[in-house]
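Engineer: Below, each chain spelled out in residue letters.
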Amino acid sequence: MPSKKVRIHFEGNTLECRPGTTVAAALWENGVRHLSHSPKYGRPRGLTCARGHCTACLMRVDQIPNVRTCELTVREGMEVGRQEAGTFYAAPMQKILATGSAFFPVGFYYKWFTRPPFLSRLFLDGIRPMTGVGRLPGGGSRPLALPPVTETPASGAPTATDLGRFDTVVVGAGPSGLHAAATATGRVLILDDHRLPGGQRHGALRRLADQPDSNLTRFPVLKSLLDRIEKARNLADTRDDLTFLERTKAIAGYHPDRLVLRRDDLLQTVQFDNLVWAAGALDTLGLFPGNDTPGVIGPRALYRLLVRDGLGIEGRQVLVIGNGPDFWLSAALLDTTGAKFSLVPTGDGGGDEISAAVDLQWPLNTGLTLDGISERGEGRLQASFVAGSPGAGEVGTRLSMEADLAVICGRGKPAYDILYQLGANLKLQPDLGGFTLPLSDDPNDGEYVAVLSGGSRLVAIGEACGDLPGRHHISADGVEKP
Amino acid sequence: MSKSKVFLCCCEDVTLQEFRDAFTEGFTELESLKRYTGVGTGFCQGKGCLSEAAGELAALRDIPPCDVRLTNIRPPAEPLTFAQLATLDVPDPLDDPGSDT
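Line by line, the protein sequences are chains A and B.
If you count by the numbering used here, then the first sequence holds residues 781 to 1262, one letter each, in order.
If you count by the numbering used here, then the second sequence holds residues 66 to 166, one letter each, in order.
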């Protein structure tokens, strides 16, 4: 169904975009891979998280600075531009500071530098352009042409609403969250930042299932993932007293029992007796040289770009590196798009999946370790690898591969910030992917639970406590075990 | 291969090397490292880097990861406009017993 193209203006050019896609995805398709530049080193940044978390896609849209373009839908006539960081000053100033740092005490804070006044002014004038992301149109001294501020909100303007108190609030409608919501007692509210319940992988898995001669049957790990999601959805469907809030995020927690939720411009508050934290995990790209290169993304970003935004990547080259269910879901999803993809499985395991990939004649490169990713011209990635098992006393051979996107798959890190804000004591648990609630002291439950001083109870389940995707072995009341 | 930088915090452009240097200079808590290097102070407020930074700190100090103290994380978890904030009626965050720094 070819519908009319939407035209946006980008730095003097008019670009044609598919209606309904996001600005960041539309720019990528039009060959604009650098969306911003980093504040200190002026490095190019491009598509990264695709969920409104990071800094990489912040651009100026219709004169408003710092707009997250990965979550903004294209509109006819939209004016989009990059906000250039003060790179002109940054490089020489950094050299000066690096040389001069020997004369400053450790922990020097620039505001302590007050005497002599003329030197202080010179110093501040020098370092100020190093901060921020550039100047506003018109030199920055002129006010922006923004709508006038009125004291009372215009009629129809959203005001925060209070949803009242629920026995259980479930954050995240993936398989774990849905299962918890379906089995919890009393008034239950469940929210998710997607339009439909099912979690971060549901759209991707559904697309696979809808393919003729679907690859789902060849990858039992993906089939069981979809089965678990569908089962949890059906279970939740049997309850007609569940309140589901779509496209809603929990953006703040106030001790001990209050959450602030956001959907677009609308803020809502809600109170709870039990909070089931099933917010899933965030992409972890890992620490390797060039891990900030535009086009290095995680699997969750890939699902959003392909399923939500419909990113056109036919004929593009994509490298998929890593292991786990997300590695194979990324590969199977890319197989439906017409992209040219190469797989670099790392780590142990995945033997069954590897033989399935061999049967499908997918390009496989085994026994490689990622050494770094760099950019060759705008938007072309070059990933270099070391062959052989490192540490065996031999220097492995190096080889490199080019691509438009590199998807790094591995264990995600649990989302945790709201739990902390509510007053939970979080522990770093690397085997669970990052910070999450500690395992309960009570041997009876074996859960990731915190009871706050105000009496409210927090439970982390699913990927939010480092579980592997789709294994909802803990229900809201902690009864169900594997 | 390349001499390309390893980025710990992409919002504030803090490299892994800068974080290690700051540790060598005597900043041994995540909170002071955050203040000194800027790690976790950007737009994402640490979503992208605090777990990694804490893991690196545990390795540098050679302590169990669960002993690394997390820095204070304040609401909201993502940037809001003043117009959005103005619609909200929430308790004074200064009364929040969860805050200790």
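Simulated from the structure, these hints should not be mistaken for laboratory data.
Quick caveat: nothing in here was measured; it's all calculated off a predicted structure.
Mixed in with the good hints, there may be bad ones.
Said to hold, decoys possible - Calculated lysine-lysine pairs in the DSS-like style (CA-CA distance at most 25 Å, straight line):
hint	chain 1	residue 1	chain 2	residue 2
1	A	Lys875	A	Lys820
2	B	Lys70	A	Lys875
3	A	Lys1003	A	Lys820
4	A	Lys1011	A	Lys1029
5	B	Lys70	A	Lys820
Engineer: None of the hints should be skipped; say for each whether it holds.
Structural biologist: Comparing the hints with the structure gives:
{"no.": "1", "hint": "A:Lys875 / A:Lys820", "in the structure": "holds, 12 Å"}
{"no.": "2", "hint": "B:Lys70 / A:Lys875", "in the structure": "holds, 17 Å"}
{"no.": "3", "hint": "A:Lys1003 / A:Lys820", "in the structure": "violated, 45 Å"}
{"no.": "4", "hint": "A:Lys1011 / A:Lys1029", "in the structure": "holds, 24 Å"}
{"no.": "5", "hint": "B:Lys70 / A:Lys820", "in the structure": "holds, 13 Å"}
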